[in-house]
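Colleague: Just so you know, the protein sequences line up as chains A and B, in that order. According to my numbering, the residues represented by the first sequence are 1 to 369, in order. According to my numbering, the residues represented by the second sequence are 370 to 498, in order.
What the hints contain is simulated information worked out from the structure, not anything from laboratory work. Treat the hints with care, as some may be off.
Per the computed footprint, the stretches of chain B lying under chain A, defined by three or more beta-carbons under 8 Å from a beta-carbon of chain A, are [said to hold, decoys possible]: (1) 384–394; (2) 420–432.
Label pairs and their in silico Cβ distance ranges [stated by the list, open to error]: (3) A:G348 to B:D488: 29 to 37 Å; (4) B:K418 to A:G348: 34 to 42 Å; (5) A:G244 to B:R417: 37 to 45 Å; (6) A:E40 to B:E466: 53 to 61 Å; (7) B:A380 to A:E83: 40 to 48 Å; (8) B:E466 to A:A351: 55 to 63 Å; (9) A:G340 to B:V446: 14 to 22 Å; (10) B:V446 to A:G222: 40 to 48 Å; (11) A:R338 to B:R491: 49 to 57 Å; (12) B:D488 to A:H131: 37 to 45 Å; (13) B:E494 to A:V276: 52 to 60 Å; (14) B:K418 to A:D143: 55 to 63 Å; (15) B:E414 to A:R277: 28 to 36 Å; (16) A:E40 to B:A478: 54 to 62 Å.
Predicted model only: the values in this text are computed from it and were never measured. Here a beta-carbon is modelled for each residue, glycine too, at the ideal position from N, C-alpha and C.
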Amino acid sequence: MPPQTTLKRTPFHSYHRAGGGKLIEFAGFEMPVRYTGDVEEHLRVRRGVGLFDISHMGEFDVRGPGAVEFLDSMVTNHVAAVEIGQALYTPMCRPDGGIVDDLLIYRSDDHFMLVVNASNIAKDFQWLREHCPPEIRLTDRSDATALLAVQGPRAPDVLRGHVPDQALELASYRFLHGPLFGAPALISRTGYTGEDGFELYFDPAHAAVVWEGLVRAGGSAGLQPVGLGARDTLRLEMAYMLYGHDIDESTTPLEAGLGWTVKLEKGDFIGRDALVRQKQQGPTRKLVGLEVEGRRVLRHGMIAEVEGRSMGRVTSGSFSPSLGRPIGMAYVESSLARVGRALVVRSGARAFPATVVKRPFYTQGSKRS
Amino acid sequence: MVYPDDVRYTAEHEWARLEGGVVTVGITSYATDQLGDVVFVELPEVGRKVEAAKTFGVVEAVKTVSDLFAPLGGEVVEVNTALADNPALVNQEPFGEGWMIRLRPTVPADYQKLLSSVDYERLVEAQHA
């Protein structure tokens, strides 16, 4: 770990410290990995509600004439089809189809907000700026944006009375601008857990009012802060992508099973030719869900094998608190990407039997469709 | 954090307690704090010989995995079978019910060469500096 002085802190750092959060380095930030325990925090979100500080994520503003066309030339999903008040999940690709990042694009009436992975803020901003026509104004607002996620079936109970009533009626991937404990905020029905919930963007100047307000309002619903550890197991149970693990510049959206976010008919965009070709030929490898027998846990970097031949690599692996067994994802040769296919996962000298299973692993979430 | 002084320690965060010629082995509260929730502990069979500083098992937590290193060489005379059904004991009582194996050391005098609680606390602090 680099010296702590070099790590960035979110506006909620003092609450993590005071709340007993175990702090680790993540993407250059000092972030809470857990408070009480990974399993307890995970199940709290599945059954009740949890509060996540995800202010490490990056936010860019894009505005100006032609912003729609610019963004549609940069990402694989269809920005022009997004309505005002709607958010879009999309990969952003290189010319060879490799994924620069996966992001959310929020469309407001006069601008777009892009939400990018913390580890990719500098890279994404540079990439966008290189391709940005002069009439587009691209601004990095990451340091000027606080971001909290309230996730779990009881999330609406926490916010009721502290946000406009319409916010509680938002459908999935819809958002509005409105007061949050009196502070101006973007209130979004999105998340990374598979549960109902909200992501709340606001000026760090209001960090104390919002954090303390949420903790107070959430008391009767059992709201507690949740660390990045549970955030990772929650997203993995849903088979959501983690950049740098399941996707990166060497993998394409088609290989990752993100074909639903690739709109080849929308017009040209960076990576389109490569993705058209790959779609015609069929990807040679695909990301699949895996379960193993026994209780040894799948981990990032383990090798997937068939008859002693390497067939790919585990990208994410963990014990699943909801299912009580190990789960993981791996890229394997396309011929193996069939539910029920048996293979072997190797870690050093050890090997354990694994089976390709359907994604998501967890299907009981409260997330609105 | 306080480390009990009736046990001795390794730099790999195991502890050892010598009683009646048998050494009980577990991992420290510092180790469980680093690992998070333990979900599985793989232990050797009774009768197996383990070598000092060599791995004798594996502890799987939700987020991470770690090898277990024997503080002393010897023969395994008992394993904590309670951990099979309740691995969370390792988190709840790392120095007590969360113990892992008991072994009869080949060279009992080596026990005195392990770290004292003061030395171990210093080592943990140094790793945090």
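Colleague: Next, verify each hint and record whether it holds.
Modeller: Taking the hints in turn, this is what the structure says about them:
Proximity of the segment 384–394 of chain B to chain A, defined as three or more residues with a beta carbon under 8 Å from a beta carbon of that chain, is not established by the 0 residues found. Requiring three or more residues with a Cβ within less than 8 Å of a Cβ of chain A, the coverage given for the segment 420–432 of chain B holds, as 5 such residues are present. Distance hint check: the CB atoms of G348 (chain A) and D488 (chain B) are about 31 Å apart, consistent with the given range 29 to 37 Å. Separation of K418 (chain B) from G348 (chain A) is about 21 Å and departs from the stated range, judged on CB atoms against 34 to 42 Å.
Our hint of 37 to 45 Å for G244 (chain A) and R417 (chain B) holds, since their Cβ atoms are close to 39 Å apart. Between E40 (chain A) and E466 (chain B) the beta carbon distance is about 19 Å. The supplied range of 53 to 61 Å is therefore violated. Between A380 (chain B) and E83 (chain A) the beta carbon distance is about 59 Å. The supplied range of 40 to 48 Å is therefore violated. Restraint check, E466 (chain B) to A351 (chain A): a C-beta distance of roughly 32 Å breaks the suggested window 55 to 63 Å.
Distance hint check for G340 (chain A) and V446 (chain B): the Cβ-Cβ separation is about 44 Å, which falls outside the suggested range of 14 to 22 Å. Separation of V446 (chain B) from G222 (chain A) is about 45 Å and conforms to the stated range, judged on CB atoms against 40 to 48 Å. In this structure, R338 (chain A) and R491 (chain B) meet the distance hint of 49 to 57 Å, their C-beta atoms being roughly 55 Å apart. For D488 (chain B) and H131 (chain A), the hinted distance range of 37 to 45 Å is not satisfied, since their beta carbons lie about 57 Å from each other.
In this structure the hint that E494 (chain B) and V276 (chain A) lie 52 to 60 Å apart at CB holds, the actual value being about 58 Å. About 58 Å separates the C-beta atoms of K418 (chain B) and D143 (chain A), a value consistent with the hinted range of 55 to 63 Å. E414 (chain B) and R277 (chain A) have their C-beta atoms about 55 Å apart, which leaves the hinted 28 to 36 Å range violated. Distance hint for E40 (chain A) and A478 (chain B): a CB-CB separation of about 43 Å, inconsistent with the stated range 54 to 62 Å.
Comparing the model with each earlier hint shows violations of hints 1, 4, 6, 7, 8, 9, 12, 15, 16; every other hint is respected.
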